[in-house]
Amino acid sequence: MAQKEYDVPVLEDHLPTPHLQRDALAHVRSHPAKPELQKALGFPGELVEDWEAKAVAKLGELLQKHRSLRVYLDACVKCGACADKCQFFLGSGDPKNMPVARQDLLRQVYRKYFTAAGKIAPDLVGAKPLTREMLDEWYVYYHQCSQCRRCSLFCPYGIDTAEISMAAREVLDHIGMGQKYTNEVILKCHQLGNNLGLNPAALRNTVEGLEEDIMDDTGVPVRLPVDEVGADVLLVTPSADFFAEPQVDGLIGYAKVFHQAGLSWTLSSYASEAGNFGMFIGSYDHMQKLAVRIRKAALDLGVKRIIVGECGHAWRVAYSLLNTTSGPWDFLDPKYPHPQHICEYTWDLIQKGGLNLDATANDDKVVTFHDSCNPARAAGMGGYPGGQFDIPRNIIKTVCNKFVDMHPDTIREKTFCCGGGGGLLTEELMPVRIAGMKPRMQALKQVMDEKGVTHMAAICAICKSQFTGVMPRYGMDPYMIVSLHQLVNNAIQLGTKE
Amino acid sequence: MSFLSVAYALLFYGAAAVLIGGLGFKIWSYFALPVPMKVFTAPAPRTRSGAALRVAREVVFFESLFHSNKWIWIFGALFHASLAAVLLAHLRYFTEPVWGWVVLIQPIGTYAGFGLIAGLGGLWARRFVEERSRYISGLSDHLMLALLAGIGLAGLGMKYVAHTDIVAVKAFALGLVYLDWQPLPTDPFLLLHLTLVAMLMIVLPFSKLLHIPGVFFSPAHSQVDDAREHRQIAAWNAALDATRER
Ligand code: SF4
Ligand code: SF4
Chain A
1 MAQKEYDVPV LEDHLPTPHL QRDALAHVRS HPAKPELQKA LGFPGELVED WEAKAVAKLG
61 ELLQKHRSLR VYLDACVKCG ACADKCQFFL GSGDPKNMPV ARQDLLRQVY RKYFTAAGKI
121 APDLVGAKPL TREMLDEWYV YYHQCSQCRR CSLFCPYGID TAEISMAARE VLDHIGMGQK
181 YTNEVILKCH QLGNNLGLNP AALRNTVEGL EEDIMDDTGV PVRLPVDEVG ADVLLVTPSA
241 DFFAEPQVDG LIGYAKVFHQ AGLSWTLSSY ASEAGNFGMF IGSYDHMQKL AVRIRKAALD
301 LGVKRIIVGE CGHAWRVAYS LLNTTSGPWD FLDPKYPHPQ HICEYTWDLI QKGGLNLDAT
361 ANDDKVVTFH DSCNPARAAG MGGYPGGQFD IPRNIIKTVC NKFVDMHPDT IREKTFCCGG
421 GGGLLTEELM PVRIAGMKPR MQALKQVMDE KGVTHMAAIC AICKSQFTGV MPRYGMDPYM
481 IVSLHQLVNN AIQLGTKE
Chain B
1 MSFLSVAYAL LFYGAAAVLI GGLGFKIWSY FALPVPMKVF TAPAPRTRSG AALRVAREVV
61 FFESLFHSNK WIWIFGALFH ASLAAVLLAH LRYFTEPVWG WVVLIQPIGT YAGFGLIAGL
121 GGLWARRFVE ERSRYISGLS DHLMLALLAG IGLAGLGMKY VAHTDIVAVK AFALGLVYLD
181 WQPLPTDPFL LLHLTLVAML MIVLPFSKLL HIPGVFFSPA HSQVDDAREH RQIAAWNAAL
241 DATRER
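Residue numbers (the working numbering), protein chains in the order written: chain A, 1 to 498; chain B, 1 to 246.
By construction, these hints were calculated from the structure, which means they are not laboratory data. Note that the structure is a prediction, hence the values are computed from the model and not measured. Be a bit skeptical, because a hint or two may be false.
As the list claims (entries may be wrong) - These stretches of chain B come out as covered by chain A in the derived footprint (C-beta under 8 Å, 3 or more residues):
| # | region |
| --- | --- |
| 1 | 43-49 |
| 2 | 76-89 |
| 3 | 135-142 |
| 4 | 207-221 |
Claimed, not checked - Label-pair restraints from in silico Cβ distances:
| # | chain 1 | residue 1 | chain 2 | residue 2 | range |
| --- | --- | --- | --- | --- | --- |
| 5 | B | Val167 | A | Glu133 | 56 to 62 Å |
| 6 | A | Gly60 | B | Gly100 | 47 to 53 Å |
| 7 | A | Thr360 | B | Ala234 | 39 to 45 Å |
| 8 | A | Ala57 | B | Tyr160 | 53 to 59 Å |
| 9 | A | Pro129 | B | Pro97 | 51 to 57 Å |
The C-beta atom is built at its ideal place from N, Cα and C for all residues, glycine as well.
Could you build the full structure based on these sequences and the hints that come with them?
Shown next as structure tokens:
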């Protein structure tokens with residue numbers, strides 16, 4: 001049989017709201033986690049016997065632990081304001097990818113088991129028992145949500161489908177229906193400290209290779225130290241930065257910035273990953289264990305400051321959840337009492353005149369910026385609301401002469417997900433990823449056509465991988481995608497300041 | 001005192017008990033539930049007063065809805081503003097002497113009755129004509145609109161179709177408040193209006209009308225973005241600190 005061709009959406013000059021295409025993505029199901037993997041994470045290996053009771057009990061537990069979940073399940077009025085806000089719906093037309101419909105898969109079960117109305121008049125309020133078919137729908141559609149929170153932004157009550165999809169995944173894991181991709185990553189990170197499964201020796205090798213590359217390119221000995229006890233700063237970055245294109249050019253960018261600033265810094269082989277996939281599966285336990293690795297590395301190395309590399313959900317965890325899971329961080333320098341984003345660091349340095357940058361180095365580019373969902377809608381930067389939008393743009397405008405923004409409805413807090421976040425960055429979900437990327441591609445195409453944009457910068461390892469992986473299917477050049485610090489990397493004049 | 005008057009008096013005591021008890025319980029339970037982490041929807045205000053203002057803007061202006069869907073906003077705002085005006089105008093049935101400002105807004109209350117119906121009509125029409133809304137609408141969504149529209153239409157019916165002795169209605173209402181029961185007129189529009197109002201009071205704590213307390217408790221809007229400075233934690237996850245390696 002011929003390999004299944006994916007339907008690649010055609011880009012028009014605007015983004016139409018699709019007509020409903022029932023079950024358009026119902027067949028796209030991510031691979032289940034194997035029993036050994038499930039067990040290694042403390043979950044049942046396969047679907048447990050009494051899954052209905054277990055699932056309901058777990059849901060009940062989560063309802064007692066999170067006000068958000070309870071309020072969100074109660075408050076929806078089915079107004080439909082969120083319905084056309086999800087990129088996976090916009091790209092596919094599958095009605096179950098409308099945020100409210102996605103939420104309803106869990107809400108129907110909540111109503112049935114936890115509300116008086118659902119017990120008395122289930123048909124009236126759409127309460128449904130948890131059947132095997134329902135479990136399958138949960139598995140499919142809660143793994144088609146990138147937890148980007150765009151729907152929350154547009155909901156009159158802020159109802160956050162990410163919270164609901166995390167809860168659903170937590171329930172699924174606890175009855176033996178975990179997802180292979182995310183759980184594999186979590187296990188690797190527990191075992192080796194990073195999502196790619198790089199052991200310390202391989203990590204050291206890799207960064208030594210990078211040091212040589214920089215030496216060859218520039219003739220300047222820029223270091224990427226690993227496990228240096230007594231360094232002032234710990235850099236925690238997504239492990240894709242060590243390998244993947246264009247992420248690695250961003251890492252080289254950070255290293256050059258630190259070099260020019262004369263910063264004493266180090267990577268940690270124990271906490272060689274900023275990303276925290278524990279969040280994706282709604283597991284506080286796993287999220288906390290992964291977060292505590294960073295704390296332990298910081299204490300063991302005796303650093304005074306932590307800087308986090310370009311990674312979207314890592315920044316959500318670092319900004320919004322690190323204090324909770326692994327705080328208090330009172331051992332850090334009181335001047336920098338909490339982990340900082342690499343963009344905060346670089347922008348601060350630029351403002352102090354600490355970097356010698358030549359923007360003409362990027363004159364071959366017209367750059368736009370893709371706001372990643374997690375920095376945009378689940379974190380902050382710079383100590384004021386909206387700093388997460390200004391600071392990356394400020395840096396880009398400093399290192400590039402030609403910068404344009406995409407359509408205002410597709411940037412800043414209204415940004416679209418790249419289509420690969422939240423545990424979707426796996427091959428078998430390709431049709432979902434293609435669909436989810438459509439709104440962003442449409443906005444990008446518009447500025448390419450109208451403003452001559454040649455490159456799109458991002459500050460998220462997942463965004464970068466998703467874009468470079470899927471853009472060819474839209475007939476676009478994957479090399480358009482650049483790390484923000486890759487632009488800094490190009491512009492920085494080594495040897496002139498240090 | 002007729003059987004009917006007694007039945008309605010009891011119905012309203014019962015409905016009020018369900019409403020206050022049910023809603024009170026819900027509010028208390030929202031209040032008591034833990035908030036184990038920061039899950040605000042960014043960009044979020046950095047101060048408590050800023051977050052309170054954000055919630056207030058959602059409550060008063062439906063700010064997020066305005067940015068997401070102008071039609072829903074127009075009909076929703078029309079309905080809710082009209083409802084507020086109508087409810088305030090109804091205070092004249094429960095106050096003696098009637099407060100000055102309640103007297104002043106009576107004409108607004110009349111127009112608002114029509115606004116309420118128009119708003120509901122628009123919201124209801126969406127559920128039929130717009131494909132996505134049709135898909136997500138359940139039976140209860142239609143019934144809720146029918147209930148509200150029924151209340152509004154019966155109310156207008158009393159004013160424009162078959163007049164009701166509102167002096168007697170007021171005596172009945174005050175009688176309920178002061179535990180001095182008075183006879184209730186038996187006009188069909190009035191009885192329909194009151195029956196539906198009592199039903200609304202009873203279903204409110206069990207229905208999607210929980211968006212009324214929900215809007216104040218949504219962490220997305222009400223949380224302050226001080227995640228870095230303040231360690232947001234609840235008892236259950238604070239207890240897990242003890243299990244940490246460092
Ligand atoms: S916008 Fe909010 S209230 Fe409206 S349907 Fe979506 S989740 Fe429900
Ligand atoms: S969180 Fe994002 S991906 Fe999930 S339903 Fe909402 S808009 Fe869609």
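Going through the hints against the structure:
1. With 4 residues having a Cβ less than 8 Å from any Cβ of chain A, the region 43-49 of chain B passes the three-residue criterion, so the hint holds.
2. With 1 residues carrying a beta carbon less than 8 Å from a beta carbon of chain A, the region 76-89 of chain B misses the three-residue requirement, and the given coverage is violated.
3. Evaluation of the coverage hint for the region 135-142 of chain B: fulfilled, as 7 residues show C-beta separations to chain A shorter than 8 Å, against a requirement of three.
4. Coverage of a stretch by a chain is defined here by at least three residues with a beta carbon nearer than 8 Å to that chain's beta carbons; for the region 207-221 of chain B and chain A the count is 11, and the condition holds.
5. Distance hint check for Val167/B and Glu133/A: the Cβ-Cβ separation is about 59 Å, which falls inside the suggested range of 56 to 62 Å.
6. A C-beta distance of roughly 51 Å is found between Gly60/A and Gly100/B, which places it inside the suggested range of 47 to 53 Å.
7. Our hint of 39 to 45 Å for Thr360/A and Ala234/B is violated, since their Cβ atoms are close to 53 Å apart.
8. Judged by the Cβ atoms, the range 53 to 59 Å given for Ala57/A and Tyr160/B holds: they are separated by roughly 55 Å.
9. At about 56 Å, the beta-carbon gap between Pro129/A and Pro97/B stays in the expected band of 51 to 57 Å.
Checked against the numbered hints given earlier, the structure breaks hints 2, 7 and satisfies all the rest.
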